[in-house]
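Input sequences plus hints: build the corresponding full structure.
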Amino acid sequence: MDFAFTDEQMALKKQVIRFAGHEIVPRCAEHDLKSEFDRKAFKRLGEFGILGLHFPEELGGSGADVVTTVLVGEALGEAGVDGGLALSYGAHTFLCADTIFAHGNDEQRRRYIPKLASGELIGCMGLTEPGAGSDVAAMRTRAVKKGDRYVLNGSKIFITNGPIADVAVVYATVNPAAKHAGISAFIVERGTKGFSVGAPLHKMGVRTSQTSELFFDDCEIPAENLIGSEGEGFLMAMQTVEWDRSALVAPFVGAMSYALKKCAQYASERRQFGRPIAEFQAVKEKLARMKIFIEAAKGLIFRIAWCKDQGRPLNHLEAAVAKLFIGDWSLEPANAAMSIMGGYGYCHEYEMERMFRDGRLAPIGGGTSEIQKMIISKLM
Amino acid sequence: MDFDFNKLERDLLSKIEEIIKDESLPNPDISRHAKPNEIALVLRAWLERLGNSGFLAEPAGPGRLAAQLELAHRSPWLALASDIGSHVLCDLISRHGSDEQKKAFLEPILKGKKIAAVAASETLSGSVQKTMNTIAVKNSGGFLLTGAKSTVSLGPMADIIGVLGQIKEGMALFLVDRGQPGVEAGDPLETLGYRELCTCPIALHDVIIEPERIIGPFDSSKVDLLQELRTAWDQVMGAVACGTMRLCLDQARAAADVKRTHGKPPAGYQSVRFSLAEMLTLSQTAEILVLRAAWAAASGDPQAASLGLCAKVFATKNACEVADKALQIMASAGYTKPNPVERALRDARLGTIMGNTSEVAQMAIADNVLERF
Ligand SMILES: Cc1cc2nc3c(=O)[nH]c(=O)nc-3n(C[C@H](O)[C@H](O)[C@H](O)COP(=O)(O)OP(=O)(O)OC[C@H]3O[C@@H](n4cnc5c(N)ncnc54)[C@H](O)[C@@H]3O)c2cc1C
Chain A
1 MDFAFTDEQM
11 ALKKQVIRFA
21 GHEIVPRCAE
31 HDLKSEFDRK
41 AFKRLGEFGI
51 LGLHFPEELG
61 GSGADVVTTV
71 LVGEALGEAG
81 VDGGLALSYG
91 AHTFLCADTI
101 FAHGNDEQRR
111 RYIPKLASGE
121 LIGCMGLTEP
131 GAGSDVAAMR
141 TRAVKKGDRY
151 VLNGSKIFIT
161 NGPIADVAVV
171 YATVNPAAKH
181 AGISAFIVER
191 GTKGFSVGAP
201 LHKMGVRTSQ
211 TSELFFDDCE
221 IPAENLIGSE
231 GEGFLMAMQT
241 VEWDRSALVA
251 PFVGAMSYAL
261 KKCAQYASER
271 RQFGRPIAEF
281 QAVKEKLARM
291 KIFIEAAKGL
301 IFRIAWCKDQ
311 GRPLNHLEAA
321 VAKLFIGDWS
331 LEPANAAMSI
341 MGGYGYCHEY
351 EMERMFRDGR
361 LAPIGGGTSE
371 IQKMIISKLM
Chain B
1 MDFDFNKLER
11 DLLSKIEEII
21 KDESLPNPDI
31 SRHAKPNEIA
41 LVLRAWLERL
51 GNSGFLAEPA
61 GPGRLAAQLE
71 LAHRSPWLAL
81 ASDIGSHVLC
91 DLISRHGSDE
101 QKKAFLEPIL
111 KGKKIAAVAA
121 SETLSGSVQK
131 TMNTIAVKNS
141 GGFLLTGAKS
151 TVSLGPMADI
161 IGVLGQIKEG
171 MALFLVDRGQ
181 PGVEAGDPLE
191 TLGYRELCTC
201 PIALHDVIIE
211 PERIIGPFDS
221 SKVDLLQELR
231 TAWDQVMGAV
241 ACGTMRLCLD
251 QARAAADVKR
261 THGKPPAGYQ
271 SVRFSLAEML
281 TLSQTAEILV
291 LRAAWAAASG
301 DPQAASLGLC
311 AKVFATKNAC
321 EVADKALQIM
331 ASAGYTKPNP
341 VERALRDARL
351 GTIMGNTSEV
361 AQMAIADNVL
371 ERF
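These protein sequences, in sequence, are chains A and B.
All the letters of the first sequence, read from the start, carry residue numbers 1 to 380 under the numbering used here.
All the letters of the second sequence, read from the start, carry residue numbers 1 to 373 under the numbering used here.
Calculated from the structure, these hints are not laboratory results.
Hints may contain errors.
To be verified - With a Cα cut of at most 30 Å, we get these calculated BS3-like pairs of lysine-lysine:
#, chain 1, residue 1, chain 2, residue 2
1, B, Lys102, B, Lys15
2, A, Lys193, A, Lys43
3, B, Lys111, B, Lys35
4, B, Lys7, B, Lys35
5, A, Lys203, A, Lys261
6, B, Lys138, B, Lys114
7, A, Lys145, A, Lys179
8, A, Lys40, A, Lys262
9, A, Lys261, B, Lys138
10, B, Lys138, A, Lys378
11, A, Lys262, B, Lys317
12, A, Lys14, A, Lys378
13, B, Lys102, B, Lys114
14, A, Lys378, B, Lys21
15, B, Lys102, A, Lys378
16, A, Lys14, A, Lys43
17, A, Lys179, B, Lys264
18, A, Lys40, A, Lys145
19, A, Lys40, A, Lys13
20, B, Lys130, A, Lys378
21, A, Lys14, A, Lys193
So this is what it looks like as structure tokens:
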């Protein structure tokens, strides 16, 4: 066993932390307060090479391996980038672009990946529906083939980047009776007739990511926008789980490192009863609990990333363990971080309040903690 | 990066798996009424087998830790008892002993021929102890060692005891034979768990120590023997905690599937299934953390000390949690003696106390964090 990162990986991580710290983090608070997407920051992520990091160079990426990609996600969080921008990046790169890259044909890849990698286009992925959240097979959005076109009808909800996306990977069923086996994936471009998006939802956290409904009302798309074959959509959605359990949750772990740094600095400066609060055992214990969570979580996400780099099929049990641990066991240290900051922790000026809100998504998004427990108990 | 075990590590694991299956060895699930001499017989048989296979002499690292964890999965007390000598005491000897001392003292322990104990704690000394009340004074041939140790695991059955004591120039490790005149092991204390360790007080009265049995003394600003000892204990307790979690999971899963005359088996209920899922999550997370900490320590990673503490706190705390959940699933069957989960729940409670206590460890983790930022 060897848990070391290479020197190049560590150097890149440092570079990302420096870049994000200078160029992105100073803009986060304002955008969060206004619940606004930070288009400039997103574009900078593209220019820096982060949005397309793991895609091959000929498609505008850098050909990075999965461990490096996850490390960069962690670095964004560790730099202090807000959970909303990190989620926008995650949904764009891993849920949308990577599905086209992994399952699309050459034409689809050439058409979309370079522009998604640079940030010229923004992507989203629509799976969840009002009546099909945890129970994906209950999907009602229909796709009916008519000659050389598919006609989509139905709606999606909670779609990250929905209001701003240029390209959507949309799951719809071609055969509701077949349940999972009927689910298929399609590429739908903004501006397509019959495709509209709802107003951004007001959310507790990850507010700089724009979330909305997607509506399909006799939305006609060319048949070549089908990704892979009919009925393969469920497997594609499941494959994004690998990214979901590593790259998408990595910023949450990074964010806890950022919170730890902020709390440690604050605890050293803040004096009460004649001494820095860092000298009180109750405060130190909280810092320790945050640190323990971070170290425990890192092992889980990099295990999934490393296995993906080895080309191994996803171990669903390990993936669910990672998601459950980061979702549920992050709540207590996040709460500890708030407590260390006292009243300031509750105020928007000190990022802790935002991080607390952002972090609360971890046990919900991409499969709730309860669903992870279902998976684990079934597979164990 | 490599999350797989390499060939050497895999071989070590298979070696231990083979030994665990060996039916010629006595069953380590000994009765709670067993006497120290009966326990010693079981322990000796296992130590010899572990020693002959070369396992006890394996260097620390993820492979050794994984094998230790597997042994703890079979029997937490046996894993702990074997590690007291081969890991905790031998670590100190190999790090600080002279070549002659290593030759004389390491081999019998690592070959499994001698049971070893470590005597550090003293009554009222507490976790922050820096010096010892066990004192050695010079006499003609060597030193005379006098003092009282409060809790020495394997005390009544150990052949050799590593005693921490004080010489004028600093703290030293004295390698004492239990049979030496002046060494008196008291009756085993009644303990919540790990009764098989027969933890007892040991009194030392003018025990003659030849110079070749003294390692040190050390200037405490340069070598902190007590801290080194706690670090070694932490690694042992982390591995044992992970093994305990596996053991409890096995038991709880089996119990959850037992059919009932009325209604469904426990696993038919979502809350039982979810509890099992939480147990597995804690167990897997702890294992990776403990393995990573062992790797960090073996490879000289600058964050090794802090990572080791994180691993110890996490694994030992959650071993209690997992054992408790297992007992809950087993319900009255779990609450009844003898059964491995009832025992594991009591045993696991030692983990957060032995070595650096959870509290001391957390303060050290926080100090490290505060220093870095
Ligand atoms: C900010 C945000 C961004 C999102 N982005 C996207 C996106 O880009 N694309 C996308 O497709 N989706 C997205 N989602 C949707 C997300 O994946 C779903 O919210 C999630 O899968 C849960 O579905 P639900 O909200 O419908 O909850 P429900 O499935 O209705 O669950 C409600 C509660 O019931 C519990 N529950 C359900 N079934 C069981 C069971 N069998 N046993 C025990 N408990 C159960 C759940 O755990 C939960 O506690 C996003 C959500 C949020 C909040």
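Exercise. Which numbered conditions among the earlier hints are violated in the structure presented, ordered from lowest to highest?
Worked result: 4, 9, 10, 12, 15, 18, 20 and 21
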